[in-house]
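**Student:** Based on these hints, arrange chain W on the given structure of chain S.
One letter stands for each residue in the lines below.
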Amino acid sequence: MTLSSKNLHWSAGGAAILSDVSLDVRPGEFLGIIGPNGSGKTSLMSLLSGIRKPQAGSVLLDGKPLSEHGRQAIARRIAFVEQQAETTERITARQAVELGRTPHLGALTPWSRADDAIVDRALEEVDMAHFAGRLWHTLSGGERQRLHIARALAQQSPILLLDEPTNHLDIGHQISLLQLVREQDLTVVAALHDLNHAAMFCDRIAVMQAGRIVALGTPAKVLEPQRLQAVFGVTVDVERDAGGGCFIRYRRPEPRPPRLKLVAGEGT
Amino acid sequence: MIADRPILRRTGAAFAALVLLLFALGVGAAVGETAIPLDVVAKTVANRLWHAGYALEPIDEGIIWNYRLSRAMVAACCGSALALCGVILQSLLRNALADPYILGISAGASTGAVSVAILGIGAGALTLPAGAFLGAIVAFGLVSALALRAGRGTSAIILAGIAGSQLFNALTSFIVTKAASAEQARGIMFWLLGNLSGVRWPDVWLALPVAILGLIVCLWHARALDAFTFGTESAASLGIPVRRVYVVLIAISALLTATMVSIVGSIGFVGLVIPHAARMVVGVRHGLLLPASALIGAIFMIAADVLSRVIIPGQVLPIGVITALFGAPAFALILSQRRSAL
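Heads up: the protein sequence lines correspond to chains S and W, in order.
At position 13 of the first sequence (counting the first as 1) the number is 13 in the working numbering, and the numbers step up by one without a gap.
At position 30 of the second sequence (counting the first as 1) the number is 30 in the working numbering, and the numbers step up by one without a gap.
Since the hints were derived computationally from the structure, they do not count as laboratory data.
Glycine included, each C-beta is placed from N, C-alpha and C at the ideal position.
Fair warning: there could be bad hints in the mix.
Counterexamples of contact, computed for chain S against chain W with all Cβ distances above 10 Å [unchecked claim]:
1. 22
2. 23
3. 37
4. 62
5. 231
6. 235
7. 243
8. 253
Which bits of chain W does chain S cover? Going by a derived footprint, with three or more residues having C-beta under 8 Å, they are [what the hints assert, rightly or not]:
9. 227 to 237
10. 276 to 286
For reference, chain S alone in the conformation it holds in the complex (with noise of 0.2 Å):
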């Protein structure tokens, strides 16, 4: 179950938003993808899940285009879950969590007790099941995001997408999220916005810039000052521990010199 991407090219309204991305995503792994709003994480995203078609490259699963495998194919394979999916309708959080069985029911397939215990487990897992009853509007932000998440492990799908899955999330909650997300057996690639989240759980890590990937490798390799300074524009200390671990360090920036007033006529 392998998936990539190669050269892939997204633009909206003249603007590209996404140019020559190639990533080989490998099996089992976690990979972390980090970079300034705007840079192209969920657009990469979209086109990772097949939800959008790329406007050249591709992206292959088992070396196969996505465009040549059925959708329902694709959703017994890759699972997602993007930012700030709502609804209005009167769903109870179970059911939400129900829906991740889609793929796996035909037209006639009849719910069954196995789907039952899926989705049971997947609602234990996010820590959820004594909420499972609840009606979706009087579920807070970090509530809805559980339930998306259960929906995707619901799916059953090797490989999970996560469009930056801690939003909404307290900390206790972001971190056992990516812990939970860690300790299944799947492949992950998740766009972060907390680079110590990044450095903590990603096998690797991929920083985009501008619609480019400029860097790809182990957490240790990546997060480096230089690079986080001109990718993010931060000054950071990087903390290394003997494992091979790291931690990021946050400067507060020097106060900004005052600014020059403009005088009015200036430059004719």
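**Tutor:** Same frame as chain S, now just chain W:
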């Protein structure tokens, strides 16, 4: 054994629904200006279907078989078809206010109908229902083309539908004011508000297969419709071929609406309100919601037809007046409930 129970329960529910529907049809045939007992209705059906040979008043038998039963059947088909369209359009477009007429179909049908009835287009070869059907399809084609040009997305369809409806409603008004005599204008008004008076068995043989086809196609897509709960991208990631589902379901709702509108005129509020009422009863899962909406829609329409015949003695109200009279307050109730839920 336990695993069999859901199937038993479903069979039981389907049987209960069928009994309920048959009872509603029976009542629809029994009630009217001359009330006829239910057992006479049953005997009439037995006589006509199995030559049971019960001795009945020929007039009663004639009224039941030739007028009321066919009328009740078409009302049921029409109610369930419009309710089904409402469910699938509200789900696909993710808009609680979507109804079968949002695709411009009813407006187009009206224009088609007045073109035939007043302008005489078709020179007698086109009947009014045929004109309405053609108008509906033309309007739907225009709205779809406009929506596709405006880009994908649900708001494009809704906006295109509004534009199309406005255009065709204006055309209808233009034709009526420009060319119609007072008598014609009155007749066309009656048709526009929905009218089951002229309905006979040939209409049943058109409405029934279309309604059944619609129900089957919708039920086939029940799981796909569930998957649209969190939007089209989420549906795609759950393995739904979004574009194909869209095309099939929008096309079937166009066919259902155009067929029903061409037989009975445009009847408002059923497609909008019944799905919401059904959601309150059975929840949002389409496997249950679709058949429940179809059933409630059918029964509601039979009841509305009965009311339209008896509410003013000696006069038949357009059925659209009844559905709107009851639909509008019901809709207001739903709106206020939604607000408290948010």
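**Student:** Give a verdict on every hint.
**Tutor:** A quick look at each hint next to the structure:
The beta carbon of residue 22(S) is kept farther than 10 Å from every beta carbon of chain W, the shortest such distance being approximately 23 Å. Residue placement check: residue 23(S) keeps its beta carbon more than 10 Å from all beta carbons of chain W (closest about 19 Å). The Cβ of residue 37(S) lies farther than 10 Å from every Cβ of chain W, with a closest approach of about 20 Å, so its non-interface assignment holds. Every C-beta of chain W lies more than 10 Å from that of residue 62(S), the closest at about 17 Å, which supports listing it as non-interface.
Listed as a non-interface residue, residue 231(S) keeps its Cβ farther than 10 Å from every Cβ of chain W; the least gap is roughly 28 Å. For residue 235(S), the non-interface assignment is confirmed: its Cβ lies about 37 Å from the closest Cβ of chain W, beyond the 10 Å cut-off. Distance check for residue 243(S) against chain W: the nearest CB is about 36 Å away, which clears 10 Å, and the non-interface claim stands. In this structure residue 253(S) is separated from chain W by more than 10 Å, as the shortest Cβ-Cβ distance comes to about 37 Å.
A stretch counts as covered by a chain when three or more of its residues have a beta carbon under 8 Å from one of that chain; for the segment 227 to 237 of chain W and chain S the count is 8, and the coverage holds. Only when three residues or more bring their CB closer than 8 Å to a CB of chain S does the claim for the segment 276 to 286 of chain W stand; here the count is 4, and the claim holds.
Checked against the numbered hints given earlier, this structure breaks none of them.
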